[in-house]
Amino acid sequence: MWRCRRGGGCPQGRHCRVCMTNCPTLIVMVGLPARGKTYISKKLTRYLNWIGVPTKEFNVGQYRRDLVKKYKSFEFFLPDNEEGLKIRKRCALAALNDVRQYLSEENGHVAVFDATNTTRERRETIYKFGEENGYKTFFVESVCVDPEVIAANIVQVKLGSPDYVDCSNDEATEDFMKRIECYKNSYETLDETLDKDLSYIKIMDVGRSYLVNRVMDHIQSRIVYYLMNIHVTPRSIYLCRHGESELNLKGRIGGDPGLSVRGKEFAKSLAQFINEQNIKDLKVWTSQMKRTIQTAEALGVPYEQWKVLNEIDAGVCEEMTYEEIQENYPLEFALRDQDKYRYRYPKGESYEDLVQRLEPVIMELERQENVLVICHQAVMRCLLAYFLDKPAEQLPYLKCPLHTVLKLTPVAYGCKVESIFLNVEAVNTHRDKPENVGVDRSREEALRTVPNHL
Amino acid sequence: MAAASRARELTQNPLQKTWEPYDNGLPAGHSAQRGVCMTNCPTLIVMVGLPARGKTYISKKLTRYLNWIGVPTKEFNVGQYRRDLVKKYKSFEFFLPDNEEGLKIRKRCALAALNDVRQYLSEENGHVAVFDATNTTRERRETIYKFGEENGYKTFFVESVCVDPEVIAANIVQVKLGSPDYVDCSNDEATEDFMKRIECYKNSYETLDETLDKDLSYIKIMDVGRSYLVNRVMDHIQSRIVYYLMNIHVTPRSIYLCRHGESELNLKGRIGGDPGLSVRGKEFAKSLAQFINEQNIKDLKVWTSQMKRTIQTAEALGVPYEQWKVLNEIDAGVCEEMTYEEIQENYPLEFALRDQDKYRYRYPKGESYEDLVQRLEPVIMELERQENVLVICHQAVMRCLLAYFLDKPAEQLPYLKCPLHTVLKLTPVAYGCKVESIFLNVEAVNTHRDKPENVDISRPPEDALVTVPAHQ
Chain D
1 MWRCRRGGGC PQGRHCRVCM TNCPTLIVMV GLPARGKTYI SKKLTRYLNW IGVPTKEFNV
61 GQYRRDLVKK YKSFEFFLPD NEEGLKIRKR CALAALNDVR QYLSEENGHV AVFDATNTTR
121 ERRETIYKFG EENGYKTFFV ESVCVDPEVI AANIVQVKLG SPDYVDCSND EATEDFMKRI
181 ECYKNSYETL DETLDKDLSY IKIMDVGRSY LVNRVMDHIQ SRIVYYLMNI HVTPRSIYLC
241 RHGESELNLK GRIGGDPGLS VRGKEFAKSL AQFINEQNIK DLKVWTSQMK RTIQTAEALG
301 VPYEQWKVLN EIDAGVCEEM TYEEIQENYP LEFALRDQDK YRYRYPKGES YEDLVQRLEP
361 VIMELERQEN VLVICHQAVM RCLLAYFLDK PAEQLPYLKC PLHTVLKLTP VAYGCKVESI
421 FLNVEAVNTH RDKPENVGVD RSREEALRTV PNHL
Chain S
1001 MAAASRAREL TQNPLQKTWE PYDNGLPAGH SAQRGVCMTN CPTLIVMVGL PARGKTYISK
1061 KLTRYLNWIG VPTKEFNVGQ YRRDLVKKYK SFEFFLPDNE EGLKIRKRCA LAALNDVRQY
1121 LSEENGHVAV FDATNTTRER RETIYKFGEE NGYKTFFVES VCVDPEVIAA NIVQVKLGSP
1181 DYVDCSNDEA TEDFMKRIEC YKNSYETLDE TLDKDLSYIK IMDVGRSYLV NRVMDHIQSR
1241 IVYYLMNIHV TPRSIYLCRH GESELNLKGR IGGDPGLSVR GKEFAKSLAQ FINEQNIKDL
1301 KVWTSQMKRT IQTAEALGVP YEQWKVLNEI DAGVCEEMTY EEIQENYPLE FALRDQDKYR
1361 YRYPKGESYE DLVQRLEPVI MELERQENVL VICHQAVMRC LLAYFLDKPA EQLPYLKCPL
1421 HTVLKLTPVA YGCKVESIFL NVEAVNTHRD KPENVDISRP PEDALVTVPA HQ
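Which chain is which? The protein sequence lines are D and S, in order.
First residue of the first sequence: 1, per my numbering; consecutive thereafter.
First residue of the second sequence: 1001, per my numbering; consecutive thereafter.
Hints were generated in silico from the structure; no laboratory data involved.
We put the beta carbon where it would ideally sit given N, CA and C, even for glycine.
Don't take every hint at face value.
[To be verified] Distance condition first, Cα-Cα at most 20 Å in a straight line; then the derived DMTMM-like pairs of lysine to aspartate or glutamate:
hint, chain 1, residue 1, chain 2, residue 2
1, D, K264, S, E1009
2, S, K1308, S, E1337
3, S, K1214, S, E1149
4, S, K1017, D, E174
5, S, K1365, D, E418
6, D, K307, D, D256
7, D, K268, S, E1149
8, D, K158, D, E174
9, D, K307, S, D1331
10, S, K1325, D, D353
[As the list claims (entries may be wrong)] Going by beta-carbon spacing under 7 Å, a handful of chain D positions derived as facing chain S:
hint, residue
11, W2
12, Y210
13, L211
14, N213
15, Y225
16, N229
17, V284
18, Q288
19, I293
20, E332
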């Protein structure tokens, strides 16, 4: 990347995309219990971190659990429980203090303040806190009256909560319903008139409709777009790589080769597997490289080709073996091991670039239901890191072996992963980070972790 | 759902370099290219709102955006149908709710427009039609919705609600005073008549209602984008439309587009690469700095690509700038850093294919203009959000951005003239964009290669190279 040596012209230094946040953003969740606030907080945080915006969530309920070791009953939340109110206010302030530390001292860009925040007075306090510290405040309210949705939320995420570890499901549900009641009388929803000067999105009925007010900047616009595309309909996402390719066999990276004999075997096995799974309305996506398309062809169903799903461009190293890269570009090879996420091949790309170009894929995956994505090693690592909330340091080393399907199913606040090896042997293409990443390392040290090949 | 008994052969399309399946030597259709196939069934967008609420502005802008990203879209302005039918507009009385003759004509126009919509979406491969009329009654919207259902279209309503008299007055000045309806009136006469025209609609206006219209898909835009109500977004294209509508604004501003200063490779007639500026290129950078200074632009943002030549150019401005990788020049793959003569020498077939369809042609291991547009979409979206911006980019990139602002179709895009050392200042006005071209008085090579007459793959080298501009 080109950087100005005198440093006068670009204070952002090595900035490689739109500066998304000039001043930090404080996202404030609003809503009764069991309306999906924590679900949204965690998902939004995961998304923002993945696209490169340092984000952290602050769950006030967690602060309460840390302070009040044992939860007794809904009575803690009664509006006239003085002791309870004191503790809850204390927790909110402790959380806000940590928010301030994260945004003002630890280079955080976005903080998600996850609590009910159901009164105008509480929101006023938080807004003032934001103003005092130079943060932009954006409210996210979830409004839902459908008893079935609320009951389902309780089953998904409340019954297993530490608060109810010693209760039966019925006891927990009964107590939780009373807990919700404690908030209802004082609940002041965001109002089109009274709150017309605030920036917010009001999500109604799990995304049937949205009210969006005063979006102030790029990051708020992206947040709104994301929130309007996510859904909670149960579904599964299947990720796999193309079948083994001719270049895989030779230990060569990149290129646009066709499938090897075993790769074609895998494609048939994949077809059989997909059939047996009996997936409703499965969409199939591939890249525009021959090996993923060949794999999809075996399924005998329509598929969509996405250029942005193409494998990472290794630039001058395309079609080389690791041995040849070490031979011809030992410095580059070492730099890559030093920071595999940010390292960009000469005339090629980095994992960081990949994430940027895969963002529309993630957005569309959020919109869709059952999807099978047939892609490539680096691409699959990026997508997997998004779903499993893996940080940048780990992303380029995630294990995505050939001939293995990962079935991802959203559950509670995260994602269940099932790994299914389809029983057709393939070379290993995973190269671990070697011990010695110094630019003066020996050839043997650099190549120690290279997997076997022809 | 049985799997295919044998895998079909894949061959690479020579123009776009995409892999397509063949069955017994014939192309088989089992795949779709993302970006083109965004819509399963056609979409009918229905504008809603009193006169002077920005419906036509939104219609035209949305149509321009969708076409640019590759979704065939056309707008149908019912007022235009009325002007074609009733040659001379007399007065607002045409729009009085009890004017039987007027009502009959207006209904006829709406139906004629809907008929053309049907032809466009069902017979001419259109993907999206924008039906631009007031559509202020629930009854009228019901009629259109039924029409959509009968024809298998998804209907999406876009309502613009505005009560701010200043905004409405400004709209009237911008786009109504110059309307063919008021060609023989003074500004005051026109304004007075138009205000009475708006009144004709007010009594029967039924805004989209959260309860009564809860099953419809729509976005309600309030106060020129201060807030939005979005209901039942059904699919990808509606989601993109909502995102776009929520990012556009009407605050006056200008967008400045220019290329990097002349580069060392430009001088040699070589394409691509990552060279630095030539002597004249550096001169240009200084002139650009002076020009920008003189323009006295409020809060100017400066964007560059991540290639040395645009960054060097920005450096001369002495202000902060942001580097976007997606603003990098088109990747010419195996032809990177070649002259056109060398391309003709080494890849005569590729060279001819490119001349046959320059928009869709993808360099081997490189990109096409079509690919460029896809990767530039976030730039366009952010340009819409921003106010004053200077974008220092590259020839092919600048052509794509310019085509968006000036509504140029794919066939013309790769041949738009974007010479070195020339700044294009784009200022939104009325329904379009005013362009000012400012040459900054530092000479540079010409890098524009026109489409030659002979694009046949069997053409002799002279025919291929006849339009190559001079170089060292």
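Which of the numbered hints above does this structure break?
-> Those not satisfied are hints 4, 5, 7, 17, 20.
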